[in-house]
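Undergrad: With the hints as extra help, turn the sequences into a complete structure.
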Amino acid sequence: MALSKNVFVISALASSLIFTGCTKETTKIIQEKQAPADATKSFSAADPVDCTKISCVKIQKNSLGRIFLLIASGVTGGSTPQWYDLKPQVVKFERAGGRIGLIGQNYNSIYEEIPSDNLLQTFAIVAEDDSSITFDVADGFKSFVAQSPYDVDSARGLNNDLTETSYSAIPVSDSMVKDVKYDAENIEFTQRAKVQSMTIVPGDDKSKLNTETREESITMNVQIRPQDLDPKFKAKEYDSSRRVGFFVNKRSKQKYSKDVTNIISRWDLSPEKGPVRIRISKSVPADYVQAVTEGALYWNLVFGRDVVKVETGVDPKEATPQNRSIMIRWIEWLDAGAAYAISQSDPLTGEILRAQVFMPSVFTKVGSADLTDLNGKAPVVVNGAVACDFSQTVKDLVKLSREASDSQRLRLAQDSVRATVAHELGHAFGLRHNFAGSFSAKVSVKDINEATKTYLKDPNHHGLETTTSIMDYVSGVDNILSAARIKYAPLSYDKMAMDWAYSDDNSALDESISKYCTDDDIALANSQGLNIYGCERFDAGNNPLQRKYLDTKDEKENFINVLFASIIGRMYPPEEPTVVNNLDQVIKDTVKWGKLDVSALGFVNQVTFDMSKDGQPAAAFASLQFVKNGKILYSKFGQDIVFKQTRAAHLSAAGGYAAILNGLIRDADGAIDTSWMKNQIIALAKSGYLQKGKTLGGRDYELTDVQQQKILAFFQSLADLNKKALVAAVYSLLPKVEEPTEMDDGTTAKISAILAPGLLTQADAASLANLALDLLTQNAGTTQAALGENKTAVELPVRYLTSEERVAMLKLLSSQGLSFSQALNKANVRNVIVQGVNDVLKQVGVQDLDTLSAEQKQGLTTELLSKGLVDFNGKAWLDSEIEVLNGLDAVK
Numbered sequence: 001m002a003l004s005k006n007v008f009v010i011s012a013l014a015s016s017l018i019f020t021g022c023t024k025e026t027t028k029i030i031q032e033k034q035a036p037a038d039a040t041k042s043f044s045a046a047d048p049v050d051c052t053k054i055s056c057v058k059i060q061k062n063s064l065g066r067i068f069l070l071i072a073s074g075v076t077g078g079s080t081p082q083w084y085d086l087k088p089q090v091v092k093f094e095r096a097g098g099r100i101g102l103i104g105q106n107y108n109s110i111y112e113e114i115p116s117d118n119l120l121q122t123f124a125i126v127a128e129d130d131s132s133i134t135f136d137v138a139d140g141f142k143s144f145v146a147q148s149p150y151d152v153d154s155a156r157g158l159n160n161d162l163t164e165t166s167y168s169a170i171p172v173s174d175s176m177v178k179d180v181k182y183d184a185e186n187i188e189f190t191q192r193a194k195v196q197s198m199t200i201v202p203g204d205d206k207s208k209l210n211t212e213t214r215e216e217s218i219t220m221n222v223q224i225r226p227q228d229l230d231p232k233f234k235a236k237e238y239d240s241s242r243r244v245g246f247f248v249n250k251r252s253k254q255k256y257s258k259d260v261t262n263i264i265s266r267w268d269l270s271p272e273k274g275p276v277r278i279r280i281s282k283s284v285p286a287d288y289v290q291a292v293t294e295g296a297l298y299w300n301l302v303f304g305r306d307v308v309k310v311e312t313g314v315d316p317k318e319a320t321p322q323n324r325s326i327m328i329r330w331i332e333w334l335d336a337g338a339a340y341a342i343s344q345s346d347p348l349t350g351e352i353l354r355a356q357v358f359m360p361s362v363f364t365k366v367g368s369a370d371l372t373d374l375n376g377k378a379p380v381v382v383n384g385a386v387a388c389d390f391s392q393t394v395k396d397l398v399k400l401s402r403e404a405s406d407s408q409r410l411r412l413a414q415d416s417v418r419a420t421v422a423h424e425l426g427h428a429f430g431l432r433h434n435f436a437g438s439f440s441a442k443v444s445v446k447d448i449n450e451a452t453k454t455y456l457k458d459p460n461h462h463g464l465e466t467t468t469s470i471m472d473y474v475s476g477v478d479n480i481l482s483a484a485r486i487k488y489a490p491l492s493y494d495k496m497a498m499d500w501a502y503s504d505d506n507s508a509l510d511e512s513i514s515k516y517c518t519d520d521d522i523a524l525a526n527s528q529g530l531n532i533y534g535c536e537r538f539d540a541g542n543n544p545l546q547r548k549y550l551d552t553k554d555e556k557e558n559f560i561n562v563l564f565a566s567i568i569g570r571m572y573p574p575e576e577p578t579v580v581n582n583l584d585q586v587i588k589d590t591v592k593w594g595k596l597d598v599s600a601l602g603f604v605n606q607v608t609f610d611m612s613k614d615g616q617p618a619a620a621f622a623s624l625q626f627v628k629n630g631k632i633l634y635s636k637f638g639q640d641i642v643f644k645q646t647r648a649a650h651l652s653a654a655g656g657y658a659a660i661l662n663g664l665i666r667d668a669d670g671a672i673d674t675s676w677m678k679n680q681i682i683a684l685a686k687s688g689y690l691q692k693g694k695t696l697g698g699r700d701y702e703l704t705d706v707q708q709q710k711i712l713a714f715f716q717s718l719a720d721l722n723k724k725a726l727v728a729a730v731y732s733l734l735p736k737v738e739e740p741t742e743m744d745d746g747t748t749a750k751i752s753a754i755l756a757p758g759l760l761t762q763a764d765a766a767s768l769a770n771l772a773l774d775l776l777t778q779n780a781g782t783t784q785a786a787l788g789e790n791k792t793a794v795e796l797p798v799r800y801l802t803s804e805e806r807v808a809m810l811k812l813l814s815s816q817g818l819s820f821s822q823a824l825n826k827a828n829v830r831n832v833i834v835q836g837v838n839d840v841l842k843q844v845g846v847q848d849l850d851t852l853s854a855e856q857k858q859g860l861t862t863e864l865l866s867k868g869l870v871d872f873n874g875k876a877w878l879d880s881e882i883e884v885l886n887g888l889d890a891v892k
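Counting along the sequence shown from 1, when you hit position 616 you're at 616 in this note's numbering, and nothing is skipped either side.
The reader is advised that the hints may include incorrect statements.
[To be verified] Computed list of lysine-lysine pairs in PhoX-like fashion (alpha-carbon distance at most 25 Å, straight line):
id : residue 1 : residue 2
1  : Lys178    : Lys317
2  : Lys194    : Lys317
3  : Lys33     : Lys232
4  : Lys61     : Lys92
5  : Lys678    : Lys631
6  : Lys613    : Lys644
7  : Lys61     : Lys41
8  : Lys253    : Lys232
9  : Lys41     : Lys181
10 : Lys628    : Lys442
11 : Lys487    : Lys309
12 : Lys234    : Lys273
13 : Lys750    : Lys644
14 : Lys686    : Lys710
15 : Lys595    : Lys686
16 : Lys442    : Lys487
17 : Lys892    : Lys826
18 : Lys181    : Lys273
19 : Lys282    : Lys309
20 : Lys678    : Lys692
21 : Lys842    : Lys875
22 : Lys613    : Lys750
23 : Lys592    : Lys724
24 : Lys181    : Lys92
[Stated by the list, open to error] For each label pair, taking beta carbons as the anchor points, the in silico distance ranges come out as:
id : residue 1 : residue 2 : range
25 : Lys178    : Glu212    : 28 to 36 Å
26 : Gly670    : Asn506    : 52 to 60 Å
27 : Leu633    : Lys253    : 24 to 32 Å
28 : Asn506    : Ala766    : 45 to 53 Å
29 : Gly670    : Gln606    : 23 to 31 Å
30 : Ser853    : Leu633    : 47 to 55 Å
31 : Asn300    : Gly688    : 42 to 50 Å
32 : Ile641    : Asn506    : 21 to 29 Å
Hints listed in this document are in silico derivations from the structure and should not be mistaken for laboratory results. Virtual Cβ for every residue (Gly too), placed ideally from N, Cα, C.
TA: So this is what it looks like as C-alpha cells:
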C-alpha cells in the first residue's frame, strides 16, 4: 500500500524507464571490474592542502573504471514529508580533462556492436597526485534518474521497453551538499535540493489549460558503495506459472529487446550475511512496540529460523537508510490513507539491499461494529470481566479483569498494527499482494463465527488462518483473527512462497495450499468490466457469496446494539478519560448511520444471476483461472465454466437461493420479520446496560432516565427509515426479465438477471412460492369498509406492502427468471389471492372474479362504488388486490 507522494516526484517515479538486467557475459565483466570491497580503499576525505571544503572527495586512481552502486533515497517537503527510494544504479568513475564523470553502466544493451553508457554527472577536479584525484561534489547532482525502485512481472512492467533511449528524471535547480561521511561500506552525503516541475492546470476559462511551474525542496541521501556480486548468491527467475508473486528486476536477453528475464527481489539470508536488521523507530508508542516487534518476528516463523533481528528505540532523525536493514517509521497521521513499504535491490542479482516501512497511526483505530462482534454481540462490557480468564486470587483477578476490559480497543488496535507491519515487511521481503488469500483459506464460516464470539474473552486466543497470506487485504474480524494467528504460526501461502524463493527448484509450489492473485490480475479483469470472484481487495472467506449474505444478516441482527455501542463509545471517549460528550450532539452525529446497510447484497446479486443487457451477456465476474489462462473474453460473455461451478457450490453451501431470501426476511419462528427493529429496541430497554456499564473502550458510564429515554426515542425515530429495509434486501436479490433500467449515463437498457439452470430445486421453488404468498398477504393491521346494499361493516386486512411492492415480489414466481417452472406454484398463489377477493365480492353480489371479462374487471370497482355497494375503503382494497392479480398474470 502506498501513501500519496508529492506531485512531480511521484509522477517522475511512475514514468521511470531504466530496466534492470544483464546478460551472463555482462555479469562476468562487472564481477571482474568490482571495486575493492572496503570503500575506504577507494574514497577518503580530501587532504587539507588540496581542498578544505567538506564537499571535496578523494578517489584513488586505481578505482577509476571500477564498478560501484549509486543508491539514493529522498525525503519530500510539505506538511506530510515522506521518504521515497530510487532504484540503485551500477556506475563507475572516469576522468576526462579537468572533470571526473559518474557513468551509468548500460548493462541492458542487447548487442555489442555499438557500446553505450549513460553520463549521470560530472564534477570539477580540484587536485591530483600520482595515486589519487580530488573532486568537489559541493553542488551535488543536477538531476536524479527517476527509476522505480521495483518492477513487476507483467509484459511491460513499470518501465518502457528496452528500445527507449531516454529516461525520466528529477531536475535540480539548486542544491547544497553537507555531511559527507566515509566508512568501509560506502561514501555517503546529504544533498538538499530545490526541484521544479511543470504541470497542467485549468485556466480561468475552463476551455483552456495553462502550464504552471511548481517547486519543492527535497533532501536526498546519496550513498556510493562498491558493487558486490557475490558468486554464492544466485539470482532466481520468477515463477512463470504465477503461483507465487514477487517484485522483480528485469534483465535483458541478448538479441531481444522485448523478451526479458524477470529476476525476483529477495534478501541474501546466508549464514555469512546474518539476519536482516529490523530497526523500529523510538516514535512507536509504548503500547505498540510489542505489536510492531511481533509483526517483524512473524517472518522468523515463516522461514522457521531467525532471519530478522529486531532493534527498538532507533532515533528516526538519525535513521538514514542502512545496508541490510529495514527501518520501520511510525507516522502520527490519524487520517492517512494507508501504510506502505519501499525497498531497493541490486539491479543485477535482485538481492534486496535495504528497505523502509511507514506506519501511520491510523491503524490504531477500531470500530464499534468489530468490537461488538468480538464481544459476543454485546454492545458493552458487563461488570468489567470480558477478555480475561486469569487463575489468580480474587483480588488480582478483579484487577486484571478490569485492566483487560479497559484494553479491549488497545488489544484490537495492536492486532491491526501487528498485521499491517507484517504485511509491509512482506513487501520489504519482495512479496507482492495476494488477494486470493482469504479465498484459499480452509477455515469455514462457522469456524470464524465461533472464534469471533470468544476472541475477546480469551486473551491467549490463537486466532485463525482466515487468509493464507498476510499479503492479502482483509478487514474486520477476519483481519483481527489472522493478526492473532501470526503471533503463533506462519500463514500457509507466505511459507510456500518463501520456501520456493529460497530453494533451487519449484517443488514448493502447490496451488492446493493457496492460490495467487495480485493487482495485475484485478486490473486485467477490470479492463473488461469484470471482477475476479475470490480475488477482491477486502473480500472475506473462502465463500465470498455466503459471507456477504451473512454480513448483511449480522448487520440486521445487531443493528441496535452496534448503534448503542457507538453512541456510548463517543459519549465516553476512551482516549479522553475525563470527558463526557453531550448526548444530543452524539445522537445528531449518529443519524448518518441510522439506516440498515444492505449494500453487500449487490455483490450477492451479481454473483448469483447471469446478467445481460439488451440481450447481450453482461457478466460481472470471472474466475481466477480464466483470467490467468488468457480466457477472460469467455468470462466476459458468460462462458466461464469454472466460475459457474464455483458459484453453484458456494450457493449450495449458503443453503441455496431460497434459503438466503428466507434468512434475510423471516424471523426465528419463520414469520415475516416486520418487527425486527422494534424487538431490538425492547431488548435494549429491558437490559441492564442501558442504564450503566462499561463501554467497549473501557470506561464506566451511567445514564440518567432522561438520557435513556432520549436514546430509545432516537432509535424509535429510525423505525420508519428502516421499516422496509428487509423488503429492499429481498428486492435486491430478485430476478429480472428484460426490465427497462436507467443506466448511469442516462440511457435506458433492458436488463435481465436470470438464475442459471440447475441452481433451484423443487423444494426451493416451493419455498419461494410460500415466501411470495407470505409477503403478498402479510398484514399490518385492518381497516373498516362498508359493503352491500345494507352497508355492512366488515374489517379488511391492511397489507404490510404496498400494491407496487407486492407486484415487485411476484418475480419470485417467474419461471423465466428462475430457470425453473413455477407455473403450478404461481397458480396456487393466485388461487389464494382470488379467493380473498371473491370472499369480499360475494357480499356485493359478485360470485367469482374469474367469470368476468377483462373489460368487466377493469371497470368493476368503479361500478360497485357508483351503485353504493362498496365505499372508498372497499374500492381501494379491491383495486389493490386486483392490481396484484394483474401483475401476477403478467409474470413470465
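Undergrad: For every hint, state whether the structure bears it out.
TA: Tested hints:
1. Lys178 - Lys317: Holds, at roughly 16 Å.
2. Lys194 - Lys317: Holds, because 21 Å separates the two Cα atoms, which is no more than 25 Å.
3. Lys33 - Lys232: OK: Lys33 and Lys232 at ~18 Å, within 25 Å.
4. Lys61 - Lys92: 12 Å, holds
5. Lys678 - Lys631: With Cα atoms ~51 Å apart, Lys678 and Lys631 exceed 25 Å; violated.
6. Lys613 - Lys644: 19 Å, holds
7. Lys61 - Lys41: 11 Å, holds
8. Lys253 - Lys232: 22 Å, holds
9. Lys41 - Lys181: 14 Å, holds
10. Lys628 - Lys442: At roughly 22 Å apart (the allowed maximum being 25 Å), Lys442 and Lys628 satisfy the hint.
11. Lys487 - Lys309: This hinted pair holds, its Cα atoms lying about 16 Å apart.
12. Lys234 - Lys273: 14 Å, holds
13. Lys750 - Lys644: 23 Å, holds
14. Lys686 - Lys710: Between Lys686 and Lys710 the Cα gap is close to 15 Å, so the pair holds against 25 Å.
15. Lys595 - Lys686: 23 Å, holds
16. Lys442 - Lys487: 19 Å, holds
17. Lys892 - Lys826: 10 Å, holds
18. Lys181 - Lys273: Roughly 24 Å separates the two Cα atoms, so the pair holds.
19. Lys282 - Lys309: 16 Å, holds
20. Lys678 - Lys692: Within the cut-off at roughly 22 Å; holds.
21. Lys842 - Lys875: Cα-Cα ~14 Å, so holds.
22. Lys613 - Lys750: At roughly 6 Å apart (the allowed maximum being 25 Å), Lys750 and Lys613 satisfy the hint.
23. Lys592 - Lys724: 18 Å, holds
24. Lys181 - Lys92: 19 Å, holds
25. Lys178 - Glu212: 28 to 36 Å: 31 Å, holds
26. Gly670 - Asn506: 52 to 60 Å: The hinted range 52 to 60 Å holds for Gly670 and Asn506, with Cβ atoms some 54 Å apart.
27. Leu633 - Lys253: 24 to 32 Å: 30 Å, holds
28. Asn506 - Ala766: 45 to 53 Å: For Asn506 and Ala766 the Cβ distance comes to about 52 Å; the hint holds.
29. Gly670 - Gln606: 23 to 31 Å: 29 Å, holds
30. Ser853 - Leu633: 47 to 55 Å: Because 53 Å falls inside the window, the suggested range holds.
31. Asn300 - Gly688: 42 to 50 Å: About 46 Å separates the Cβ atoms of Asn300 and Gly688, which means 42 to 50 Å holds.
32. Ile641 - Asn506: 21 to 29 Å: Hint holds: Cβ distance 27 Å, inside 21 to 29 Å.
Checked against the numbered hints given earlier, this structure breaks only hint 5.
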